[in-house]
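**Q** Produce the entire structure from the sequences given, and follow the hints as far as they go.
So the sequences go chain by chain: F and Z.
Heads up: the first sequence at position 112 corresponds to 112 in the numbering used here, and the numbers run straight through without jumps.
Just add 314 to the spot in the second sequence (first one is 1) and you have the numbering used here.
Just so you know, these hints were derived from the structure itself, not from any lab.
Watch out, some of these pointers could steer you wrong.
If you only want the chain F side, here are some residues facing chain Z, beta carbon under 7 angstroms, derived [said to hold, decoys possible]:
id, residue
1, 55
2, 57
3, 58
4, 61
5, 62
6, 65
7, 66
8, 69
9, 71
10, 88
11, 93
12, 96
13, 98
Chain F side only, calculated, beta carbon under 8 angstroms to chain Z, not exhaustive [what the hints assert, rightly or not]:
id, residue
14, 63
15, 89
16, 92
17, 97
Glycine is no exception: its CB is placed at the ideal position from the N, C-alpha and C atoms.
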Amino acid sequence: MTDLFDCRQTFAQTLIELAARDERIVAVVADSVGSSSLRDFSRQFPDRLINVGIAEQDMVGIAAGLASGGRVPFVCSPTPFLTGRALEQIKVDMAYSFNNVKLVGMSSGLAYGALGATHHSIEDFAWTRVLPNLVVIAPADPLETSQAIVAAAEREGPVFVRLSRMGVPAVHAPDYRLRIGVAAQLHAGEDVTLIANGVLVSRALDAASLLATAGVSARVINMATVSPIDAAAIEAAARETGRIVTLEEHSVVGGLGSAVAEVVVRTHPVPMRMLGVPNVFAPTGSAEWLMKRFGLEPADIRDAALQLVRETAA
Amino acid sequence: MTESRVLRPAAIADGTVALSDDQLRQLACRIRIRDLRMIQTAGAGHTGGELSIADILTVLYFAFLRVDPARPDWPERDRFVLSKGHAAGALYTTLAAAGFIEDAELDTFQRPESRLNGHPSRHLLPGVEASTGPLGHGLPIAVGMALAAKLGRSPSRTIVLTGDGELQEGSNWEAAMAASHFELDRLTLIIDRNRLQQGDSTERTMALEPLADKWRAFGWGVVEVDGHDIPSLRRVLDQLPVLPGKPTCVIAHTHKGQGVSFMRDAVEWHHRVPTADELSRALSELEAAAK
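**A** Rendered as C-alpha cells:
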C-alpha cells in the first residue's frame, strides 16, 4: 500500500522552517489554527501568529497592511471561506495593490466531503485565475507543496497556494524542482495528454498505466501553476498528442480545463474532454465518494480518454 | 499653490517649520480651490466629499504626519490611508501641495494613462499608501499597517480616514474588533462625519447613530471634533491616543461641500461637476475666505 500524505502537515513544517530563517514571515488566520495545522507554528512563534477571529475579509485586509509594513504574511484558512468571503480583498488589496501577501487555502475542492456544498471549494480557480498579478498554484504532493511554499515566500508579489486535506502519494522524484508557471511532464505519451494538478495528478498517472494496458500511450502533465498557465506545454501537447483530457477537483466551468481550452483554441485546436464537477452543487457524501460520483477515479479517467481516442481516430 | 510648495511635511513634523492655524486655514482654502479647478478640467470628481475633508487633510499633511516627499518609502514614515478613495481629488491636491507630485500633473486627473486614477493607486503615485475605491477596505489595511509597526517596534503611526456612510460596510467592524483586541494605540481612525451619502442622509439610509457609543463599545477611545476647525483638529491629533492602550476614533463633524455656500450640505453635489459659472462663484467665495 502506497503511503498517503496530508500536504497541510508539509506546509506547516515548511512555514516553520522559513519563519526561522526570515523574521518578516508571519501567519495570519481566521480562527483557523487547527484547520491550517499551525499549532506547532504558534508554539514556536507566538508573536508571529495573528489570529483575527472569524473574519476573512479582515484577515486579507490586515495581511495587505502587514505586507505594506514590510512583513511577509501567509494567510491560512479553508479555501471556500478564504476565497469566497474575501474575494474583493484578494482582488483589490492583494492583486491590484501588488501586496506581498501569500494565501494558503486548506481543504480545497471536495475535501470537506459530507460537510456539504457550502464547504466545498470548486469555484476558487475560476475566481482567482482571472486576477492579474496573482499566482495560483495547486501542488500535487508533499515535495511540491513544500516547494510551492518556498517559491511563494521567495517571490515578491501575491500568491495563492491551494492545498487539500485528502491523502496523496508522492508523485515527484526527489530531485523535482517546482518552477512557477512551468508545467512538469510526469509521463511520456503520444496518443492523448492528461493534464491535472493537486490531488488528481496521482490519479492521472494511475489512469496512464491503465491506458497503457489498453494500448493507448498517454502523456501526463502536472499543471501545478494555473496562473500564469504554461501555454507552451499545452500547445506542445495539442500538437504532439492531438487530444487533451483535463482533470480537476473543481467545477468544469472556469477552472483548469477552461484555462487549458483557452490556450488550445488560440494555438492548436484539438478535441478535449474536461473532467471535474459539472455545474452543480455536489450531493452529500465523503470526498472519496464524491470523486467516484463525478467520474474522477483512474478507471473513469481511462474510459473518458479511451472514448476520446476512439471518437477521434483517423 | 506655488507658495505652499516649500512646506515640506517632514520639515513641519521635525518642527523646523511650524504653520500657524491661520496659515493652515488659508492653505485648506487653496487646496479646495485647486481641487475644484481640477474637477472642472477633468469633468469628474466627488466634489462634496472632497471639500468636506480638505481641512482634515491639510492638518494631517502640514501639521501632523511624519512623511517626506523626497523619501516616500522611508520605512518609519507615518502611514495615511484614504479609505474613502472616491475623494482621490482632495488627496492628489494635498499631495501636490506637499510636494509629492507637480502641481501641473493635477490637470491630468482621470485622463487616459494618468497616474491620477479616479481612485488612488499605490503603485501609480508616491505618497499613496493603499489602493482604495471599494468601501470598507481602508480600516482593515490600516490595522495591518499598525500591527506591522507594533511587531517591528517602529515609531510609525497609522491614520485612516473613512467616510461615514462607508461604515455601513461590515468589514469595518471586523477591523474595529481587531484594532482594540491587538491594543493598537498608534492607530487612529478619522471619520468624515458629513452625514450624507450618495443619495440621502446616512440616518435615513441606514442609521449610524449612536456612532460614538458604537466605537466605545468596540473598545476604542473616542473623541468628537469640528472637522473644519483647524485648532481643534490639531489639539486632538496632538493628544493621541485619547485612551492609553486603545486605538482612537476621531469623529470629525463636517459638511459636504464645505467652503462653497451652494454646495454645502447639498446631497446633489456628491459627484456633480460645477459649470463654468458655478466654478467662478465657488472660487470667488473661496478666494475671499483664503485671505
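**Q** Please go over all the hints and tell whether each is borne out by the structure.
**A** To see whether the hints hold, each was checked on the structure:
For the restraint placing residue 55/F at the interface with chain Z, the shortest Cβ-Cβ distance is roughly 4 angstroms, inside the 7 angstroms limit, so the hint holds. Evaluation of the residue 57/F hint against chain Z yields a held restraint, the C-beta minimum of about 4 angstroms falling below 7 angstroms. Hint on residue 58/F holds. Least Cβ distance to chain Z is approximately 4 angstroms, under the 7 angstroms limit. Hint status for residue 61/F: holds, given a least beta-carbon distance of 3 angstroms to chain Z, under 7 angstroms.
This hint holds: residue 62/F has a C-beta 4 angstroms from the nearest C-beta of chain Z, less than the 7 angstroms allowed. With 7 angstroms as the threshold, the beta carbon of residue 65/F comes within range of chain Z, its nearest partner Cβ sitting at about 2 angstroms, so the hint holds. Interface restraint check: residue 66/F against chain Z, minimum CB-CB distance 4 angstroms, threshold 7 angstroms, status holds. About 2 angstroms separates the beta-carbon of residue 69/F from the nearest beta-carbon of chain Z, less than 7 angstroms, and the hint is met.
Checking residue 71/F against chain Z by beta carbon gives a least distance of about 5 angstroms; that is within 7 angstroms, so the hint holds. Using the Cβ-Cβ criterion of 7 angstroms, the hint placing residue 88/F at the interface with chain Z is satisfied: the shortest such distance is roughly 6 angstroms. The interface hint given for residue 93/F holds, since its Cβ lies 6 angstroms from the closest Cβ of chain Z, which is under the 7 angstroms cut-off. For residue 96/F, the shortest C-beta to C-beta distance to chain Z is roughly 6 angstroms, which falls under 7 angstroms, so the interface hint holds.
Of the supplied interface hints, the one on residue 98/F holds, with its beta-carbon coming within about 6 angstroms of a beta-carbon of chain Z, less than 7 angstroms. Interface hint at residue 63/F: satisfied, since its Cβ lies 6 angstroms from the closest Cβ of chain Z, which is below the 8 angstroms cut-off. With 8 angstroms as the threshold, the beta carbon of residue 89/F comes within range of chain Z, its nearest partner Cβ sitting at about 7 angstroms, so the hint holds. Checking residue 92/F against chain Z: minimum C-beta separation of about 6 angstroms stays under 8 angstroms; hint holds.
Against a cut-off of 8 angstroms between C-beta atoms, the interface hint on residue 97/F holds, since the closest Cβ of chain Z lies about 4 angstroms away.
The structure shown violates none of the earlier numbered hints.
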